[in-house]
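Enquirer: Chain by chain, the residues:
Number of protein chains: 2
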Amino acid sequence: MSTTGVTAPKGFSAAATSAGIKTSGKPDMAVVVNEGPKQAAAAVFTRNKVFAAPVKVSREVIKGGALQAVVFNSGNANACTGAQGVEDAKAMQQLTAAGIGADASHIAVCSTGIIGDVLPMDKVESGIGVVVKQLGDHGADAAVAIKTTDTVAKEVVVEGDGWTLGGMGKGAGMMAPSLATMLVCITTDADVTSQALQTALESAVATTFNTLDIDGSTSTNDTVIAMASGASGATPTQEELDAAMQDACSQLAAMMQSDAEGVTKRVAITVEGATDDAQALNAARAIGRDNLVKTAMFGSDPNWGRVLAAVGMADAEMDAENISVTFNGHTVCEQSAGAPGARDVDLSGADIEVVVNLGTGGQGSATVRTTDLSHAYVEINSAYSS
Amino acid sequence: MSTTGVTAPKGFSAAATSAGIKTSGKPDMAVVVNEGPKQAAAAVFTRNKVFAAPVKVSREVIKGGALQAVVFNSGNANACTGAQGVEDAKAMQQLTAAGIGADASHIAVCSTGIIGDVLPMDKVESGIGVVVKQLGDHGADAAVAIKTTDTVAKEVVVEGDGWTLGGMGKGAGMMAPSLATMLVCITTDADVTSQALQTALESAVATTFNTLDIDGSTSTNDTVIAMASGASGATPTQEELDAAMQDACSQLAAMMQSDAEGVTKRVAITVEGATDDAQALNAARAIGRDNLVKTAMFGSDPNWGRVLAAVGMADAEMDAENISVTFNGHTVCEQSAGAPGARDVDLSGADIEVVVNLGTGGQGSATVRTTDLSHAYVEINSAYSS
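Residue numbers (the working numbering), protein chains in the order written: chain P, 1 to 386; chain U, 1 to 386.
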């Protein structure tokens with residue numbers, strides 16, 4: 001048995017191929033199959049009102065309650081492709097279903113890549129024809145085939161007591177570049193219900209992928225799918241399942257942050273002293289999305305004034321004259337004014353931890369993970385499509 | 001009489017000097033005085049909850065209803081400077097008042113530059129001592145002295161029927177870099193009330209500075225002040241005053257857009273077919289702030305898919321399957337899918353006009369002006385403070 005990624009748990013097979021959707025010829029199609037004996041499933045999708053055809057189709061699959069396999073392609077998001085796009089996503093379901101002997105309504109579809117181009121269905125059809133014949137312990141290959149601007153494949157394995165949870169992911173965050181959609185596939189051989197899986201998934205996503213905010217842009221295709229085969233025969237408690245799911249999602253989110261487009265710094269922004277956690281999250285997001293904060297981080301510049309300017313526009317209560325800020329544990333701002341030595345704090349390392357206290361005396365807190373805004377980010381995103 | 005900027009209207013004098021606040025030795029202090037006979041005034045300030053000491057002090061002046069002069073410094077924003085900052089801003093009022101023989105409570109203060117450093121008050125005091133002795137037709141010098149990252153000084157003159165309106169401004173937008181605060185000073189020799197001036201100013205700001213959104217960052221110091229001397233003896237109608245104010249603010253906003261940090265493209269984003277104007281503005285802002293849209297513009301890339309991904313997250317009703325987009329008049333997206341030739345539209349020029357129809361059938365519309373996100377933006381903002 002493979003010990004990596006989605007085929008680490010018992011009851012799962014996978015395969016990948018180069019179908020020619022990417023002009024580079026790199027791997028661009030994969031399938032992950034739940035061989036059972038059970039087929040519990042859960043998923044969360046993008047909140048974007050403009051969502052891609054595969055999201056539309058996969059939502060229906062999850063609603064139907066039965067998921068046997070997920071077919072992936074990279075290089076083309078099949079987003080903003082109208083009625084043709086929906087037809088193509090359904091064709092991907094049908095081709096995969098025919099290949100593995102399943103019902104088309106039990107196949108989820110995930111696509112990632114450029115928005116607005118119709119899929120080259122002749123290549124997709126050939127690719128599906130190949131992968132369904134090569135199913136095996138190929139989780140590692142599948143993780144490579146879903147990459148777009150990712151520089152490394154992202155896999156995780158979490159061991160439970162007699163059961164295993166595995167996963168693969170790609171992209172730079174739930175709030176991800178629209179050309180580097182976040183896709184995640186989690187598998188487990190635990191014998192758990194779809195409901196238990198959905199509970200664990202939603203809880204884990206809230207504090208991992210949903211607080212990873214690379215550039216404030218939310219994709220049309222973001223999808224996180226979890227499947228349980230029951231093949232281990234072990235049934236963890238909800239708490240055990242939650243903990244493993246949290247661990248796996250947290251690891252994948254950290255890999256995405258480290259591999260985000262143009263990243264030179266990993267930045268964690270914690271807001272404390274807010275009225276409640278939701279307001280703390282609003283404030284942390286406002287800081288994490290501010291281009292002036294992000295360019296200062298790129299320059300290793302302890303420019304705490306930009307943090308205050310950013311948080312001052314957040315939808316959160318604050319005592320504007322009693323805000324404090326630390327950078328990597330050094331106090332740089334107290335009572336909304338500079339602390340001694342604030343301009344000399346060394347931020348030249350790859351990790352920067354920012355903690356902001358809003359001074360309300362409340363117990364609300366939240367953390368958002370982001371990156372700096374670098375020349376490489378501009379380069380990657382100004383030159384991608386053409 | 002000077003024919004430029006704030007000293008173009010009768011009844012105004014100005015002066016500027018290099019006080020040494022900027023380490024470069026460039027001009028960094030100015031004063032603009034309303035010599036009367038009347039002293040009507042109006043102002044709008046930053047909406048940031050974290051606002052600078054000079055904003056706090058100037059708000060009180062405007063509330064008091066009498067404004068005789070404005071003292072400016074660049075190189076230091078006197079923001080996030082605590083009680084000392086307020087004391088320093090009040091000292092600037094008192095020193096200016098003493099120099100021109102006025103009441104300290106009639107002097108507004110505007111500061112721009114780095115956040116979080118205490119003002120070098122010895123230099124400020126010397127600078128004020130110089131400018132109050134050199135008052136004259138020096139509007140052009142004042143416009144230079146308020147610059148920070150601006151590459152050009154920004155002045156405007158609008159001629160009325162027997163009266164004149166002048167102005168100067170600096171910065172990159174109401175939603176401006178926190179280190180390139182927007183400051184604007186409008187003067188007129190029309191004989192109008194503070195109320196008429198405030199009405200005209202608020203109306204003009206709403207569709208000019210408030211829809212200029214360079215990077216979504218709102219400064220701690222943004223201030224727009226208007227003063228009327230009545231020295232022409234002419235009293236325009238409210239409509240005439242509104243029109244001149246709109247013209248002046250529109251011209252200054254256009255200058256700021258053209259001189260925004262790192263700009264290589266001027267981008268106008270119009271949203272139509274929204275339920276109402278407010279929702280159209282939300283949608284236009286969401287597009288204008290999206291880093292992926294802005295980097296695509298830098299790359300002259302007609303990547304309409306990023307526009308759809310950005311607008312899909314806006315707080316606005318839309319028919320997600322009936323959105324259309326044009327770039328410079330060429331249809332690139334119809335019914336939320338690509339139009340023929342969309343990838344070939346030439347965006348290599350300096351001006352890009354994006355029109356998005358949300359497809360609701362509503363009459364709501366709004367325009368936001370922004371710029372591309374370039375290497376120069378990253379360079380300027382990662383290397384500024386140190």
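Hints listed in this document are in silico derivations from the structure and should not be mistaken for laboratory results. A few of these clues could be false.
As the list claims (entries may be wrong) - To spell it out: a stretch of chain P is covered by chain U in this simulated footprint if at least three of its residues, at any positions, have a beta carbon under 8 Å from a beta carbon of chain U; those stretches are:
1) 85-92
2) 133-141
As the list claims (entries may be wrong) - Computed, partial: chain U to chain P, Cβ under 7 Å:
3) Phe45
4) Val50
5) Ile115
6) Gln198
7) Val205
8) Thr207
9) Asn210
10) Ala337
Keep in mind that this is a model prediction, so the values were computed, not measured. Think of the CB as a built atom: it goes at the ideal place given N, C-alpha and C, for glycine as much as any other residue.
Enquirer: Each hint: holds or not?
Expert: Against the structure, the hints come out as follows:
1. By the rule of at least three residues with a Cβ nearer than 8 Å to a Cβ of chain U, the coverage given for the segment 85-92 of chain P is violated, with 1 such residues.
2. For a cut-off of 8 Å, the count of residues in the segment 133-141 of chain P with a CB near a CB of chain U stands at 0, and the three-residue condition is violated.
3. With a cut of 7 Å, the hint placing Phe45 of chain U at the interface with chain P is violated, because the nearest CB-to-CB distance is about 13 Å.
4. This hint holds: Val50 of chain U has a C-beta 3 Å from the nearest C-beta of chain P, less than the 7 Å allowed.
5. Checking Ile115 of chain U against chain P: minimum C-beta separation of about 3 Å stays under 7 Å; hint holds.
6. The interface hint given for Gln198 of chain U is violated, since its Cβ lies 24 Å from the closest Cβ of chain P, which is over the 7 Å cut-off.
7. For Val205 of chain U, the shortest C-beta to C-beta distance to chain P is roughly 17 Å, which exceeds 7 Å, and the interface hint is violated.
8. Taken as an interface hint, Thr207 of chain U does not check out: its beta carbon lies about 21 Å from the nearest beta carbon of chain P, beyond 7 Å.
9. Interface hint status for Asn210 of chain U: violated, as the beta-carbon distance to the closest one in chain P is roughly 14 Å, over 7 Å.
10. Using the Cβ-Cβ criterion of 7 Å, the hint placing Ala337 of chain U at the interface with chain P is satisfied: the shortest such distance is roughly 4 Å.
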